[in-house]
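**Q** Here's the letter readout for the chains.
There are 2 protein chains.
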Amino acid sequence: MSVVMEKGIKEKFRMSGYTLTSQRRAVLEALKASKGHPSAEDVYLLVKKKNPRVALGTVYQALSVLEEIGVIDSKHWSESPTRYDLNLEEHLDIRCRRCGQVSEVPNVGLGDLESDIRRNTPYEVTRTMLVVEGVCPGCRGKEPAAR
Amino acid sequence: MSVVMEKGIKEKFRMSGYTLTSQRRAVLEALKASKGHPSAEDVYLLVKKKNPRVALGTVYQALSVLEEIGVIDSKHWSESPTRYDLNLEEHLDIRCRRCGQVSEVPNVGLGDLESDIRRNTPYEVTRTMLVVEGVCPGCRGKEPAAR
DNA sequence: TCGCAACCAGGAATGATTATTAGTTAAATA
DNA sequence: TATTTAACTAATAATCATTCCTGGTTGCGA
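Top line first, the protein sequences correspond to chains A and B. Mapped onto the numbering used here, the consecutive letters of the first sequence carry residue numbers 1 to 147. Mapped onto the numbering used here, the consecutive letters of the second sequence carry residue numbers 1001 to 1147.
Do not take every clue at face value.
Computed, partial: chain A to chain B, Cβ under 10 Å [claimed, not checked]:
1. Arg25
2. Glu29
3. Ala33
4. Lys35
5. Val65
6. Glu68
7. Asp73
8. Lys75
9. Val108
10. Pro122
11. Met129
Pair by pair, the computed Cβ-Cβ distance ranges are [unchecked claim]:
12. B:Arg1118 x A:Arg119: 48 to 56 Å
13. A:Thr19 x B:His1091: 40 to 48 Å
14. B:Ser1080 x A:Gly17: 25 to 33 Å
15. B:Leu1088 x A:Lys10: 47 to 55 Å
16. B:Leu1056 x A:Ser16: 52 to 60 Å
17. B:Glu1089 x A:Lys50: 23 to 31 Å
18. A:Glu68 x B:Thr1126: 41 to 49 Å
19. A:Gly109 x B:Lys1048: 28 to 36 Å
20. B:Thr1126 x A:Lys48: 51 to 59 Å
21. A:Ala55 x B:Leu1088: 43 to 51 Å
22. B:Pro1081 x A:Glu11: 31 to 39 Å
23. B:Pro1122 x A:Glu11: 21 to 29 Å
24. A:Ser16 x B:Thr1082: 49 to 57 Å
25. B:Lys1049 x A:Glu11: 34 to 42 Å
Source of the hints: derived by calculation from the structure; they are not laboratory data. Just so it is clear, the structure is predicted and the values come from calculations on it, not from any experiment. Glycine included, each C-beta is placed from N, C-alpha and C at the ideal position.
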């Protein structure tokens, strides 16, 4: 059961000059299939189930193209691989420092922070991202061992 | 000319049980000497000038001890090594995506964000950090090539 | 001074990611 | 439609930051 490819995605590919290949489509579908925020490795494992010939490098390359044309978003917590996400709305994610799981913090936004920052620095701001880390309810009490 | 070691630092070492060795002291002084936010490698290079026998691994270990006992702070931007800082006050840093230089954004704080986050997630929040990235005035116009 | 635990140098190992290269596919053109 | 050309991909090597390991010090407490 192949997922319906949204019109906007095809459009973004057309405008960017990149081609929507089967591998890139597969990466996108893997991202849709996984509820959380998968790492490149996670995506790779999912994609490999359907097509065992794809290489991890191809997944990385596809993810970078998808991010470049604005179809997906990536976030990075230290001591953990980069996570990818189809949700392009501004939203806050928190990562459990024990199990590594990422989930959303609802009802909290960056507010005026972004414009405050732009006003107070001579830099040309290209990205602001709030990294939040904690211990999820399931891991409380348990001992370390995240990845 | 050795830098005067603050009382608070010695105290923190005593309370933690770690010993304030010459290597750890050297790391601390390197951090004081460098104005910006040096990476482990930067610190290593500085420390090596005085004592060429220190190993990079030792610098990493010292930095992690210093952070653990609350003497220094670390920040991490993706695609760039972790940066270390003696300034323990809450402050915003911005990193140039071209040259990698880190500098402070004055007059902007996280405000009530932190408590908003705690209110809206079942996680036990251990850390929140605003990652800001941009292009510094000196790099504007120039082509990529950061590290 | 002896013994033990913390420390350290040096170097190997790891994990995530990027680069390289040669072969494949797909789009553009004739 | 056949040909040319550029984009893409698989496989694998290389890189970079960081951690781990090992055997040798050091320094403090008994």
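**Q** Is 41 to 49 Å a correct range for the gap between the Cβ atoms of Glu68 (chain A) and Thr1126 (chain B)?
**A** violated, 33 Å
**Q** Starting from the hint 49 to 57 Å, judge whether the C-beta atoms of Ser16 (chain A) and Thr1082 (chain B) obey it.
**A** This hint is violated: roughly 33 Å between Cβ atoms.
**Q** Holds or violated: the hint that Val65 (chain A) contacts chain B, with Cβ atoms closer than 10 Å.
**A** Status violated, d = 17 Å.
**Q** Does the beta carbon distance between Thr1126 (chain B) and Lys48 (chain A) stay inside 51 to 59 Å, or does it fall outside?
**A** Between Thr1126 (chain B) and Lys48 (chain A), where Cβ atoms are some 34 Å apart, the hint is violated.
**Q** Given Ala33 (chain A) was flagged as interface, is its beta-carbon under 10 Å from a beta-carbon of chain B?
**A** violated, 25 Å
**Q** Taking the Cβ atom of Pro1122 (chain B) and the Cβ atom of Glu11 (chain A), is their distance within the range 21 to 29 Å?
**A** violated, 38 Å
**Q** Taking the CB of Gly109 (chain A) and the CB of Lys1048 (chain B), does the distance hold inside 28 to 36 Å?
**A** violated, 45 Å
**Q** Can you let me know if the beta-carbon spacing of Pro1081 (chain B) and Glu11 (chain A) is within 31 to 39 Å?
**A** holds, 38 Å
**Q** Return the status of the interface hint for Lys35 (chain A): holds when the least beta-carbon distance to chain B is below 10 Å, violated otherwise.
**A** Hint violated; Lys35 (chain A) Cβ to chain B Cβ min 17 Å, cut 10 Å.
**Q** Using the Cβ atoms, figure out if Leu1056 (chain B) sits within 52 to 60 Å of Ser16 (chain A).
**A** violated, 41 Å
**Q** Quick one, is the Val108 (chain A) hint okay against chain B at 10 Å, beta carbons?
**A** holds, 5 Å
**Q** Can you tell me whether the CB distance of Thr19 (chain A) to His1091 (chain B) sits inside 40 to 48 Å?
**A** holds, 45 Å
Checked against the numbered hints above, the structure violates hints 1, 2, 3, 4, 5, 6, 7, 12, 16, 17, 18, 19, 20, 23, 24, 25; every other hint is satisfied.
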